[in-house]
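Line by line, the protein sequences give chains B and U.
Going by UniProt numbering, the first sequence opens with residue 1, and the numbers climb by one from there.
Going by UniProt numbering, the second sequence opens with residue 1, and the numbers climb by one from there.
One thing to keep in mind: the hints can contain errors.
Remember, identical chains collapse to one label, so a pair may be satisfied in a single copy or spanning two.
[Said to hold, decoys possible] In silico DSSO-like links for lysine-lysine, alpha-carbon gap of 30 Å or less: (1) 340 x 97; (2) 340 x 357; (3) 98 x 374; (4) 340 x 374; (5) 171 x 374; (6) 404 x 97; (7) 74 x 340.
Note that these hints are calculated values from the structure, not bench results.
As the structure is a prediction and not an experimental result, all values here were calculated from the model.
Protein chains: 2
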Amino acid sequence: METKNDFQKEPQNNSQTEPKLSRRQLLKMAGVGGAGLLLGGAGVGSLFATGAVGAASSTATAQPAADILPFYGKYQQGIVTPQQDFFHFAAFDIIAKKRSDVRALFEKWTDAAARITQGQPVGDESNNQHLPPTDTGEAIGLTASKLTITFGVGPTLFTKDGADRFGLASKRPAPLADLPAFSADELQAEWCGGDIGVQVCANDPQVAFHAIRNLARIARGSAVIRWSQAGFQRTERAAAKPGTARNLMGFKDGTGNPDVNDDAAMNDVVWVQPSEGPAWMTNGSYMIVRRIRMRIEEWDRSTLQDQEATFGRARISGAPLGGTDEFEKLDLDKKDASGKPLIPVDSHVALAHGDGKVRILRRSYSYTNGIDAKTGQLDTGLFFVCFNRDPRKQFVPMQQRLAKNDRLNEYIVHVGSAVFACLPGASAGGFLGQELF
Amino acid sequence: METKNDFQKEPQNNSQTEPKLSRRQLLKMAGVGGAGLLLGGAGVGSLFATGAVGAASSTATAQPAADILPFYGKYQQGIVTPQQDFFHFAAFDIIAKKRSDVRALFEKWTDAAARITQGQPVGDESNNQHLPPTDTGEAIGLTASKLTITFGVGPTLFTKDGADRFGLASKRPAPLADLPAFSADELQAEWCGGDIGVQVCANDPQVAFHAIRNLARIARGSAVIRWSQAGFQRTERAAAKPGTARNLMGFKDGTGNPDVNDDAAMNDVVWVQPSEGPAWMTNGSYMIVRRIRMRIEEWDRSTLQDQEATFGRARISGAPLGGTDEFEKLDLDKKDASGKPLIPVDSHVALAHGDGKVRILRRSYSYTNGIDAKTGQLDTGLFFVCFNRDPRKQFVPMQQRLAKNDRLNEYIVHVGSAVFACLPGASAGGFLGQELF
Ligand code: HEM
Ligand code: HEM
């Protein structure tokens, strides 16, 4: 991998800019032949920059446009992007000692991510027999599969064991604080923390893995993977009727999410606003990940009534208890004949919903990791991912309510946790974290 | 789950029988309405028996025919079946004490497998609020996704610690012996053995997990999961051009496999023949699984030349070294100008191929399991699966050659291992292992 050293000379412009070239010009520049590379037009706040992507090498795959999400833009992809089928998360620890090395890593990562999200190899292939191949190769012949790579930085990037490691301590945003301990937490160090968090999503697990692995490879000498976890949801192809996916407790999961197409809601719930600061986080978002083990053996022995009362929703339809439609408004005041709330006050949705004013955007995946050596039970559950503008006002109070009273706690254990400040998007010629480093 | 107690009364007929009902009659019996359940016609040696599947419950999903593989038949599915995208393997240990309990377990498992492979829930749904749901629910709304479930029994079912546990010791087939230790093995007990091995494959990972989990649930009190591993290959949807999938070393994997549509080859390589015995294994096959960790960090540092010499094939095309086409015949006698073999004698394909007379059918998947706590490296590799008629004559001598001289050994470690006798198929009304128990 080469580092583009002329990045620094470019004007720092991180806000949304219009594409400077017509689609036709871009297509011409890309030069991959008619049936090949196409530029998908969708995506929130997106901007084309395929010109920045290196010339396609001989092993580049003809890419159906529908399978490509743009990389550059006001926001990073993978946040308000509709959920892909597969997920691979990795937390990295920085081993480099200098801020310039971290900066260089983000330059290289940006370059690689801009390429592989477009279905290109991580660098131009060479046929030099005496060098390792530039790209690890397992994605040759595969489409971009809506690959998105979302980068965030953790609290320990700024201060670790009290030390200002990279002279960045003063730049740490107040919302990026270590999460408080929650009652019921059973966190294990091996699933916690990280200087950098990378969320990879794609409609193919091999494409997702390829991304994580090549990022790790590029980071060699600068950062190492601290922990990682793959996840999935039912594939769109298997869904007889597309709609809300079910988690491994058999319930529809995601119903109550705010609408990612509602810009006002996203500005309210997800995106850090210019007024909030720090400037380098404007149009970024805070990502919280929690590796939540499900005690599925216990769950599978609980009655239907228990299960529905636990969530406050009907198992088959996903409707709020007492209702019939999955998407009808959650009315926590509805009572049965005896005056008892139809949706139990200690149910998961009642507590998570609260007064309905504080919301988060969830983007979780199921995971399975074989058998837990300690318990002999399946190590499986929900890899909870959420985005919010300020965890101190959104995720934290919500999780405090849940940790204390949620009926669901009987069937789950939080074993992993991390929080990251996801950078704003980069524009072509720039790189992620440019304003920070 | 109810056990069909009248199974015992039925004539034991495990050989292939013709369907007794016309497709139309079957469709009528299934009674799921026109657009719903359809009976896929493909499948090697398959036989329809949808009449045996319980009436579809309200939560049953309309099933596109192309997504369903028949369950009953001469052979079990999942052996010569073209590889699906996802894989979930589980090894079970029996905790029941009586042979009749093991027999009952296989009856229940057969019944459940016959249902879920057709996209039906594991048992008819009830709306009884005071009982746990019959099915765990995460596959509601998903198609059958070409789900196959393949059952095998391990050596320890017959004798464990010298004891004849279930009065079956005399029934153990000679080919079902513990594998010998191979040089270079670094086996870990947590990834080895099992009284029963279950291979689940499907085009959706949630459908595959659902199968394993419900089998474990049905087994409660009789058997527990000893270890398990999920796997994947690039999804067919992501493959720009369908063809041989690449493993995580970036090479096409599966090229040299015998043709699953060639019955003579399958009889030669895979299926236990009537002449061989024991009778209960006729039309069965021996499955070997090896969890093989790849040292991908080292691999990724090796040169293109090294990588191609390691496999004896070209990285991009998959052709034998010196050739141009992936599927051209492997000619180990070809020499370069200096008289050196074009395909190195210690390359993986040269050693695996040998004189070409002894073959196996490989059906492996990639796996990723986060970070290895001991080494800090990615725990990822190949979950090797193969089928053969007699491991003593096929897999074992092949692996002995590889373990001793394979160049690939520099980059891999065998950490898990197990061998199972996969039962012949069951016919409708019968159950898997009927002749054994
Ligand atoms: C294994 C753990 C969890 C499971 C299985 C789970 C499952 C569910 C389910 C089935 C629903 C109802 C459908 C929906 O709206 O998506 C729901 C709603 C929700 N959950 Fe969770 N959840 C888990 C953990 C969490 C955590 C840790 C949080 C945040 C602290 C959270 C926040 C929410 C919110 C905000 C809602 C929507 C409430 C509303 O309708 O306003 N969940 N969850
Ligand atoms: C991580 C471990 C392994 C990897 C990455 C691997 C990969 C490969 C690759 C890339 C090929 C060439 C393409 C093909 O024909 O499929 C191949 C061929 C083959 N491998 Fe492996 N393999 C592994 C382990 C094994 C093991 C344990 C065995 C059996 C003991 C085996 C048996 C074979 C056979 C029989 C062939 C075909 C040779 C022929 O063309 O006749 N492999 N393998």
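Now for the hints, and whether the structure bears them out:
no., hint, result
1, 340 x 97, "neither (60 Å within a copy, 48 Å between copies)"
2, 340 x 357, "within (24 Å within a copy, 75 Å between copies)"
3, 98 x 374, "between (40 Å within a copy, 28 Å between copies)"
4, 340 x 374, "neither (41 Å within a copy, 53 Å between copies)"
5, 171 x 374, "neither (41 Å within a copy, 35 Å between copies)"
6, 404 x 97, "neither (41 Å within a copy, 43 Å between copies)"
7, 74 x 340, "neither (48 Å within a copy, 57 Å between copies)"
Violation of the numbered hints given earlier is confined to hints 1, 4, 5, 6, 7; the remaining hints are satisfied by the structure.
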